[in-house]
Every structure is written in C-alpha cells, then in structure tokens.
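Working from the sequences, and respecting the hints, build out all of it.
Protein chains in written order, with the numbering used here: chain A, 120 to 422; chain B, 56 to 417; chain C, 138 to 402.
Think of the hints as simulated: they come from the structure by calculation, not from any bench.
Note that the coordinates shown come from a computational prediction; the quantities given were computed from them, not determined experimentally.
Each hint should be verified, as a subset may be incorrect.
[What the hints assert, rightly or not] Facing chain A, according to a computed beta carbon distance under 8 angstroms, are these residues of chain C, among others: (1) M165; (2) I240; (3) G249; (4) F259; (5) L354; (6) N371.
[Unchecked claim] DSSO-like cross-link-like pairs, simulated, lysine-lysine; straight-line CA separation at most 27 angstroms: (7) K234/C - K417/A; (8) K234/B - K175/B; (9) K417/A - K297/C; (10) K411/B - K307/B; (11) K411/B - K237/A.
[Claimed, not checked] To give an idea of the interface, some chain B residues facing chain A are shown, with a C-beta separation under 10 angstroms as derived from the structure: (12) G111; (13) V114; (14) T116; (15) G118; (16) L125; (17) I127; (18) T128; (19) Q130; (20) V132; (21) D134.
Note that the Cβ used here is the ideal one computed from N, Cα and C, for glycine as well.
Residues per chain are reported as follows:
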Amino acid sequence: MSSIALSAGENAKTIRSARRLDRRRMLFWVVPPVAWFTVFMLIPYAMLLYTSLGRVEDMRFIPGLSLRNFIQVFTVDPYLSVIIKSARIGLMTAVLSAIVAYPLSFFLAFHVRSSRLKFLIYLLVIVPWWASYLVKAYAWKTILGSGGILNALLQKAGLTDEPVRIFLYNEFSVVVTLTYIFTPFAVLSIYAQLERIPTSLIEAARNLGAGGWMIFWRIIAPISVPGVVAGGIITFSLAFGDFVAPVLVGGPDSVMISNIVINLLGVAFDWPMAAAIGLVIITLGLLLISASGWLEEKTQIRF
Amino acid sequence: MTTGIELRKLRKLYEGHGQGAWAVDGVDMTIGAGKFITLLGPSGCGKTTTLRMIAGLEVPTSGQILRDGLDITDQPVTDRDMRMVFQDFALFPNMTVEQNVTFGLRVRRMRGRYSEAEIKKRVFQFLDLVHLADHAHKKPHQLSGGQKQRVSLARALVTDPQVVLFDEPLGSLDANLRKIMQIELIRIHRELGKTFIYVTHDQDEAMAMSNAIAVMRGGKVMQFGSPRDIYDRPANRYVASFIGHAHIVEAKVAGRDGQGLVVSLGNGEKVRLENENSAATGESVGLMLRAEDLAFGEAGPGMVSGNVADSLYRGEYIEYVVELNGGAGVVHVHARTDLPAIDQGAAVAVRVNPHKAHVLAH
Amino acid sequence: MRAFGNRPLIITMAMCVLAFLYLPILVMMLFSFNDSQYTGLPFNGFTLDWYRQVFADTRLLKSIWNSIYVAGGVVMLSVLFGLPAAIALDRYEFPGKGLFRRIVMLPIVLPGIITGIALLGFYLVIHMRLSLYTIMLGQGTALMCITITEVFARLQQLGKSQMEAAVNLGANEWEVFRHVILPAVRSALAGAMLIAFSISFDEIAVTFLLTGRENTLPMTLWSLLRREVTPEVNAVATLVVLMSVILIVVGMYASRGQAATPREN
Numbered sequence: 120m121s122s123i124a125l126s127a128g129e130n131a132k133t134i135r136s137a138r139r140l141d142r143r144r145m146l147f148w149v150v151p152p153v154a155w156f157t158v159f160m161l162i163p164y165a166m167l168l169y170t171s172l173g174r175v176e177d178m179r180f181i182p183g184l185s186l187r188n189f190i191q192v193f194t195v196d197p198y199l200s201v202i203i204k205s206a207r208i209g210l211m212t213a214v215l216s217a218i219v220a221y222p223l224s225f226f227l228a229f230h231v232r233s234s235r236l237k238f239l240i241y242l243l244v245i246v247p248w249w250a251s252y253l254v255k256a257y258a259w260k261t262i263l264g265s266g267g268i269l270n271a272l273l274q275k276a277g278l279t280d281e282p283v284r285i286f287l288y289n290e291f292s293v294v295v296t297l298t299y300i301f302t303p304f305a306v307l308s309i310y311a312q313l314e315r316i317p318t319s320l321i322e323a324a325r326n327l328g329a330g331g332w333m334i335f336w337r338i339i340a341p342i343s344v345p346g347v348v349a350g351g352i353i354t355f356s357l358a359f360g361d362f363v364a365p366v367l368v369g370g371p372d373s374v375m376i377s378n379i380v381i382n383l384l385g386v387a388f389d390w391p392m393a394a395a396i397g398l399v400i401i402t403l404g405l406l407l408i409s410a411s412g413w414l415e416e417k418t419q420i421r422f
Numbered sequence: 056m057t058t059g060i061e062l063r064k065l066r067k068l069y070e071g072h073g074q075g076a077w078a079v080d081g082v083d084m085t086i087g088a089g090k091f092i093t094l095l096g097p098s099g100c101g102k103t104t105t106l107r108m109i110a111g112l113e114v115p116t117s118g119q120i121l122r123d124g125l126d127i128t129d130q131p132v133t134d135r136d137m138r139m140v141f142q143d144f145a146l147f148p149n150m151t152v153e154q155n156v157t158f159g160l161r162v163r164r165m166r167g168r169y170s171e172a173e174i175k176k177r178v179f180q181f182l183d184l185v186h187l188a189d190h191a192h193k194k195p196h197q198l199s200g201g202q203k204q205r206v207s208l209a210r211a212l213v214t215d216p217q218v219v220l221f222d223e224p225l226g227s228l229d230a231n232l233r234k235i236m237q238i239e240l241i242r243i244h245r246e247l248g249k250t251f252i253y254v255t256h257d258q259d260e261a262m263a264m265s266n267a268i269a270v271m272r273g274g275k276v277m278q279f280g281s282p283r284d285i286y287d288r289p290a291n292r293y294v295a296s297f298i299g300h301a302h303i304v305e306a307k308v309a310g311r312d313g314q315g316l317v318v319s320l321g322n323g324e325k326v327r328l329e330n331e332n333s334a335a336t337g338e339s340v341g342l343m344l345r346a347e348d349l350a351f352g353e354a355g356p357g358m359v360s361g362n363v364a365d366s367l368y369r370g371e372y373i374e375y376v377v378e379l380n381g382g383a384g385v386v387h388v389h390a391r392t393d394l395p396a397i398d399q400g401a402a403v404a405v406r407v408n409p410h411k412a413h414v415l416a417h
Numbered sequence: 138m139r140a141f142g143n144r145p146l147i148i149t150m151a152m153c154v155l156a157f158l159y160l161p162i163l164v165m166m167l168f169s170f171n172d173s174q175y176t177g178l179p180f181n182g183f184t185l186d187w188y189r190q191v192f193a194d195t196r197l198l199k200s201i202w203n204s205i206y207v208a209g210g211v212v213m214l215s216v217l218f219g220l221p222a223a224i225a226l227d228r229y230e231f232p233g234k235g236l237f238r239r240i241v242m243l244p245i246v247l248p249g250i251i252t253g254i255a256l257l258g259f260y261l262v263i264h265m266r267l268s269l270y271t272i273m274l275g276q277g278t279a280l281m282c283i284t285i286t287e288v289f290a291r292l293q294q295l296g297k298s299q300m301e302a303a304v305n306l307g308a309n310e311w312e313v314f315r316h317v318i319l320p321a322v323r324s325a326l327a328g329a330m331l332i333a334f335s336i337s338f339d340e341i342a343v344t345f346l347l348t349g350r351e352n353t354l355p356m357t358l359w360s361l362l363r364r365e366v367t368p369e370v371n372a373v374a375t376l377v378v379l380m381s382v383i384l385i386v387v388g389m390y391a392s393r394g395q396a397a398t399p400r401e402n
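Below you can see the structure in the form of structure tokens.
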C-alpha cells in the first residue's frame, strides 16, 4: 500500500494535469472572440451610455448624468412614433417576406432532388445580393413610378388612362422594396428548417392516408415555425433599421428611425440624443434575442 | 505494486435539472492486467460514466483512478494508453477505413514510433484481424453497422494499447451479428492479451465473454465477481433477479444439516441445500430458485408441491409456471420437450437441486 | 418519396418567387443598355456608352476593388474570430457565456446605424482615423454572428463522440481541430463565408458612418444616385452580378464531383 503511494508521488510530476490542459484549451478558444466583442461592442456601448447621459451646447459635448435624453425618446415627438412606425414597417416586411419565401423554400426542400440543382437554386437566391441594394431599390423606383413599367403595362392594358401615382413614395413602396431586398434571408432560414425534416415523416404520414394539404398543415407547417420565426426576426430587424428605402422610394412621411439617428448626428450634432435612441434600440434588441431564444426553444421540434 | 487498474471511491455528480444526482456513487474495483471485465447494469446505472472516467473523458467528482499503482485521475485523455470503442462507432466520416485505422498511428504523440512501411503493415494486419482488408478504401457511410464496429475496433487496437474500453459496442447490431462479434471479441482478447473493460446492459453478453462482471445499480457496484459466482452465488436479491431468470421464494432457516442448510417455505415444506452456511437458524431469507435447477418428480419428503399455472413452449424446453401450495410463491420449471406435457392446473411435485439453490439474506 | 403536394403548382409558385427576386435585376440590366440619361421608359435604343463610362471612371473602379478588399478582410476576421467563438460556445462552459451569446447575436437584430455610431464614437475617442480598415472592423463585428451561428449549428449536429474518439486515439488539440472539427464544419463555414462576403460587399449602414476618404462601391453608387447618374450605376451593378455569376460557375465547375449541397443531411 505504501509503495503505491510512493510511486504515485514520484511520478506525479511526469503526468500532465488534464484540468490544467483543458483550461488552457478553453482559454485558447474563448479569449480571442471574447476580447474582440469586448473591444468592438461592449466598450463602444459603454461609451454610448456615457454619451447619452450628457448633452450638447453650442455643438460642444458636455458630460453629465442626466436621463433627460431617455425621457425625451419616450415623450418628445417624433422619436417614439417613428420607432413604432419603423417596427410596423419591419413587421409588415417580415410577414410579407415569409409569405414570399415559403413556396421557394418548400420547393427547394421537398421538390428538388439533385443536390447540384439544389445548390444552384440556393446560389440563385444569394446572387441578387451582389446586385447593389441601392441599384435594386432604384430599380423598384423604375418599376413603380408614374412613368414606370407597371404604369406603362396598366395603360397598355387599358386599365387606366392616367398614370397611377399611389405605387411610389409611400409606405407601400417602402415595404415592397424592403420585402424584396430581405426575402433571401427568409428563404435561407425557412429552407434550413424544412431541410431538417426527415423524409420518413412524410412517408409515414402518406402511409397513414394523409393527403398533401393534410401533411402540410399538420406536419410541415408546425415544424417549420422556428425557421419562419428565425427568418422573421432577421427580416424584421433589417427592415426596422433600414434608412435607404425611405430615402429612395419613401414619401415625406416615411422617415424611419435610422434616418432620425443620421440626422441627429449629421445635421443637429446631437450625439447624446442619438446615443440614447441607440441604447433604447440595443435594449429592445436584447429583449428580442431573449424572446426569440425562448420562442425557438418552445417551438423547435427534435427528431 | 498492483498491476492493472484500480478505482478508489470513484464518484461523479451530474448537475441535472435542478439538483445534481450521483451518476457514480463510490465505486471501488481492481481490474487485473489482461483481464476481460464487464460493467453490467440497466441504463442509468453509472456503467458508462465509470468507463468514461477510466478513459479520461469525464472528470471524477471525487475518488481516484490508479494505473499500475500510479494516480492517473487527472491525466489527460490523450496521454492515457487506453483506447475506446464507441457505441455509435465515432468513425471519422471524411476518412476512408484505412485512414480511420491509421489515425491513431499518425497523431503527433506517435510520430517516429513506426515507419511508413510499418504503419501500412500494421494497419493491414489489424484490418485482417477484423476481416476488413478488402474494404480499406471505403468511406464509413458505405459500410454496414457490423463493419463499422469492426473498423472502430481495429482503430482502437492498432496503436497497441494495454487497455481497450468498450461502450456498448454491440448495442446497435442485430442479434445474429452480436453473437458473431462476441466470439470475435473473445478470440481477439485471447490473441492479444490486452485488458478489456466492457460496458453492456446485456447479461448474456457479459456472461459469455468476461473473466469478471461488476453488476451496477444506482451508481454502485452490487457485486463484482466471476460470471459463475454472480450466477450461482448472487450477493443480493437485485443481482439474483437481474441475472438469469431466478425466482425468489420467501423462506426461513430451519436448521443446519452437516455441510448444508435446511430452509422451510411459507407452506411448511422443507428444502435442503448443500454448501450453504451463510445464514443462521431462524433467520428469514429469500430462496433463489432457477428454472433450470428445478425438475418435476414424485411427491414425497424434500419435494416442493404446487400446481401448473401456465406453460410456455420455448423450443429447447417447455417452461412451466408453478404456483407453490399455500401461496408460498411462484417458480418456473424447465422440462424436456419429449416428456409428456402437463396440463394446466395439474398438481406437481418439484425437486430442488440442492447444489444450486441459494439463500439470499434480507 | 420526399416530394408531396401539387407539383406543378409548387413549381409555378417557386418560379414566381425567383422571378420576383430577379425582376428588378433584369430591369437594371435592361436600362444599363438604354440610350438615355434617366432610368425609365421609354427605351430609346441600345448603347454601350454607360459601360464605357464605367471603365473610364477610375474612382468607381477603385471603389469596386475597395469593396472586395473590405469584404475579404471581413471574411477573414469572421473566420479568425467567429470559428473560435462557435467552438467555445459548443464545447466549453465559461463564466459569462449567456451574456457572450447574446452580445454575439446582437448585431443580427441591431440596425447597422447603431453599430456604426457606437464604433464611430469609439474611434473618435481613441483617435483612430477613418479608413477602409475602420469599415472592416465594423462590418467584421456586425457580420461575425453569421459564421458563429452557422458553424455552431453544425458543431451541435456533430455531437461529441468523434472528438472524443480523436483525443482517445492520442490526438492533440490541433489534430482534433484539423481532422474532426474542420472537415465537419467545412461546408457550413464556406457557406457562411460566402454569405458574409456578399453582405459585406453591399453593406451600407455601418459603412455609411465609418467610411473615410476611400469609399466602397455602395458609397460611390450612393453619391452617383444622388446626382441621378443612374444608367452608369445600372451598368456597374450589371457588371458586378455578371462577375459573381462567373465566379460561381467557375467555383461549381471546380468543385464538380464533390457533394456541393449547402446542407448535407
């Protein structure tokens, strides 16, 4: 017994410690990204907080500890109403993108069998990203405008004599453009979820006598919810923070929250107010992430 | 100095939902070098966790693991000379069979130990051992379950480890394949003389292959002994009922008789046992009666009487369910199929093999 | 059989969606050849003038290169830091993991403008001059979550046993990474890199605030659009799309024979 203890003691130095090794490995993977996000997110956000508590006088920043800017976000027009309007446009975009994206995702996941063709269509969804957002938004202006393609077609068909002006420079054109721009995100996320569904599930349903609609509504639709939600959150967020579409295809009343922030920076030099709005949106963003995590946990189905 | 592996008061706490639970709760065991040892128990009994702690894949909460007297509790997995065969095979899908088997010889630790030619030779030697030399260039997804398992085995053996760990390696194979693989494993163990530590929930597998079996339950070892010990002399009621088809009848020790013991059943009938001296007169015990140790005979003293409640045709034998008189209990009796069948309800007398029946303390 | 439902109907709907995705691009291409100052009907006739103008516009060409440069840097950063982040999240428990996960995901839901002002304020305080590199760092931060989520999802599917088998066979950390993790996440990583590159190439919000004297393509296009020089803009965008299609075709040709599905099940 004592010889065991002795030999263990003698050799203890030659044995590496798994705990220490594991700790070193963990630090190797954890430290670089944590450092990155600390430097480029946490510190800038902390500075944003510092800025938001101060004020600007004669275009000079005066530090302070006032919640005035935060109170203004919720009390002074147009901040709160524009945030709400941006959220409404974001929501409409998210819903429309999901509706547009679903058939293509469905087709890709269930009706394309060759993996090469699948990859090709997948790329076809990504390629429009390469055509500049600005150019695509501008193309919608060409399509929807009073001298545009849609009106030309309507007039040729004899449906209208006068050019229809309600297509452009309003919330409708903003939502159409944003839906168009962000639909690929919805496709990728819905497709990813549909692709996970095992073929045997569909075969089992068919074997039990279910028809196409029945399979869709009772099996595919419920399972695809997390993908729709994940895509919806991305399209909502992108549309919510957009500032290009309102400028290009929006009307005088379609200013969104990002436009306000840019104006505060570039025109009013009111950094503290911009920072306060930024922090409110960051808080909303964190809430959205928590909510989406919760929602995905609730709706995700494990195979 | 002890050779082999020694586990001392090994414990592992699992932080589950809410509170933690002891997955392994104080395991003490000595596993001699070159032995084939099986950890046997139902799922959740802590057998796999114990194996993974030996491999170094889990860190024990407390206790020690010694290898040839040396404390290796905190030694990195990489440094332990123990190879594992995983339940899900864990083959590298991007590599061919040959590359999978070669992997362990090409890692940096092994560099310089074998020349290229030796590596090639060794890999094919072990692919031959598991009869897969013809499949060397296939990818894992092109193999059947049994083939995958044999690749996994060759991959573990090729690096010449002194200890091979098996985590339910045959769990996903069908019954015939399991039987074939069991024989293969016994052959390989005999040929190579390595220490095999094997985890399974299948008692037939454990009985057939091992030098010793540790029956586990709730993170504890209930009994550690040779298959024969565990089968014939189970330490407690749990082991008795988990291994084989034993029925336990309540009894009381009536007295001693030379080398043996006389116990009386609930209905007053007495049974004599040879070579039992573990219980004192007057003590309440459980009498373990296995179907194959019972036989029908003529009614008389020393026989146990009852009625046939059911019979099951098993092919090799007929299994009769016999309710003992006076509600003393139920036993199963195996009878040869060429004997005349006994009708349901018929009164029978059962002879107990005095060398095989066994008393279990309360 | 996997396919179900009314196949012609589904194909029709899917094609309509693809048409919707490509309609503005066709419009853009069409008007890049229109012999008119403005993008719009009527179509005055075919011309290649706008393309000549593009190739004569060194500022525009430089900005295309700048965009590729920035996007390349962003992809590199997101692999360099995003891959370790995904591995850390998959394999290790460390203090602050929950917060880290949220922080990493935040740029997905945050308007680029907010990421932009936070970083702009930061740069101003540490006196960092705005340049292509400040854009790269900003976009890198904003787009890293793509790599992290894609790779993390794949690692979760991978499970633990292959890595355990590798260390059990004596592999060190590098060998586990090289032989188990990398092959498993390769296609997810490639997909994430492609997406990150594409988004970075067209990124406006973060870039808008962090751009210095040198501009990326979207910034240059923005200024051209403000001056209503739209046919030239159409020509540039057409060229970029054609370039990307060529790259993709070449890439597919090169990877012929390999399983090239975006998601292997």
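Hint by hint, here is what the structure shows:
The interface hint given for M165/C is met, as the beta carbon of that residue sits about 5 angstroms from the closest beta carbon of chain A, less than 8 angstroms. With a least beta-carbon distance of about 5 angstroms to chain A, the hint placing I240/C at the interface is held under the 8 angstroms criterion. A hinted interface residue such as G249/C counts as satisfied when its beta carbon comes closer than 8 angstroms to some beta carbon of chain A; here the least separation is about 6 angstroms, so the hint holds. For F259/C, the shortest C-beta to C-beta distance to chain A is roughly 4 angstroms, which falls under 8 angstroms, so the interface hint holds.
At its closest, the beta carbon of L354/C sits 7 angstroms from a beta carbon of chain A; the interface hint therefore holds under the 8 angstroms criterion. A distance limit of 8 angstroms between C-beta atoms decides the matter here; for N371/C the minimum to chain A is near 6 angstroms, and the interface restraint holds. For the suggested pair K234/C and K417/A, the alpha carbons sit about 21 angstroms apart, so the restraint of at most 27 angstroms is met. A hinted pair counts as satisfied when its Cα atoms are at most 27 angstroms apart, and K234/B with K175/B does not qualify at roughly 30 angstroms.
With a C-alpha separation of about 25 angstroms, the suggested pair K417/A and K297/C falls inside the 27 angstroms cut-off, and the hint holds. This hinted pair checks out: K411/B and K307/B have alpha carbons roughly 18 angstroms apart, not beyond 27 angstroms. As the CA atoms of K411/B and K237/A are separated by approximately 67 angstroms, the hinted pair breaks the 27 angstroms bound. For the restraint placing G111/B at the interface with chain A, the shortest Cβ-Cβ distance is roughly 6 angstroms, inside the 10 angstroms limit, so the hint holds.
Interface hint at V114/B: satisfied, since its Cβ lies 7 angstroms from the closest Cβ of chain A, which is below the 10 angstroms cut-off. Taken as an interface hint, T116/B does not check out: its beta carbon lies about 13 angstroms from the nearest beta carbon of chain A, beyond 10 angstroms. With a least beta-carbon distance of about 14 angstroms to chain A, the hint placing G118/B at the interface is violated under the 10 angstroms criterion. Contact between L125/B and chain A, as hinted, is supported at the beta carbon level, the nearest pair being about 5 angstroms apart and thus within 10 angstroms.
Because the closest C-beta pair between I127/B and chain A is about 7 angstroms apart, less than 10 angstroms, the hint holds. Annotation: interface hint on T128/B holds; nearest CB of chain A at approximately 9 angstroms, less than 10 angstroms. This hint holds: Q130/B has a C-beta 5 angstroms from the nearest C-beta of chain A, less than the 10 angstroms allowed. Checking V132/B against chain A by beta carbon gives a least distance of about 7 angstroms; that is within 10 angstroms, so the hint holds.
A hinted interface residue such as D134/B counts as satisfied when its beta carbon comes closer than 10 angstroms to some beta carbon of chain A; here the least separation is about 6 angstroms, so the hint holds.
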